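Q: Sequence:
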Amino acid sequence: MSMTSMVVLGLSIATVLLLLGAFLATMRQDRRGRAGAPPQVEVVPVETPLPAPVEAPGHAGTDYADPRTIQVADRIEVHGTPYRVLGAMHVSWQGHQWIEYLLRDVARRRLWLSVEVREGKVAGEASHLEVLLWTEVPTQGMVPAKSMLIMEGVEFFPVQRGTAAFRSEGETGNPERGLLDFADYHASDGRLLSFERIQGHPWSASYAQPLPPGSITIVTRAT
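Under our numbering, the very last position in the sequence shown is 254; numbers go up by exactly one each time.
Rather than coming from a laboratory, the hints here were simulated on the basis of the structure. As the structure is a computational prediction, the values presented were derived from the model and not from experiment. Positions of the beta carbon are idealized from the N, C-alpha and C atoms, including for glycine. Hints are not guaranteed to be accurate.
[Claimed, not checked] Pairwise CB distance ranges (calculated): (1) Gly-245 - Ser-178: 25 to 31 Å; (2) His-127 - Ser-178: 22 to 28 Å; (3) Ser-219 - Thr-254: 44 to 50 Å; (4) His-217 - Arg-135: 43 to 49 Å; (5) Thr-254 - Gln-128: 39 to 45 Å; (6) Ala-253 - Leu-160: 19 to 25 Å.
Could you build the full structure based on these sequences and the hints that come with them?
A: Structure below.
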């Protein structure tokens, strides 16, 4: 082989090596670039949560039993506990009227259930039905004070007091007609206390438990 041929062959080999080196360098750089790029993340749009459903207030007589329709000798349930209605007192005071039902459970314990339509306290406020379950508490000779009083360590403040007329039906232990003295109190935590007496009799006191709509079921009607 001549000297010229060897030179040409050497230059060709060098050119091929240079091209191969450049190609490999480009491949390494491309790999480094891909390795350093952050992965593609699919962004899912956040949906605004829908508001929780709001339960519309029910109506007595259509959505649940109207406690004003309770009659003497009915069998009812209060929070699932069965009672028999022994009697009722229809009370009237300064244009306000309410009913107090005497109940007896299966253990022959007695307690009172009062039902009253309360007018709104401010102009434009709708009236509402107030249903209270009363549990008697020992008074130990206490009488209702015209100011704050303490019952079982709790401070109660006066709400209203007066003398109402009543008419009884069924078994109540009270006269058929007469006058009822009462004094209502409330505590800062919302508890209610009421003193009552039939004129000529000693005072009795009871705590009140408000009942939500639908907590009373009329099981059987009086025949």
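Q: Please write out, lowest number first, the hints stated earlier that are contradicted by the structure.
A: Of the numbered hints, 1, 4, 5 do not hold.
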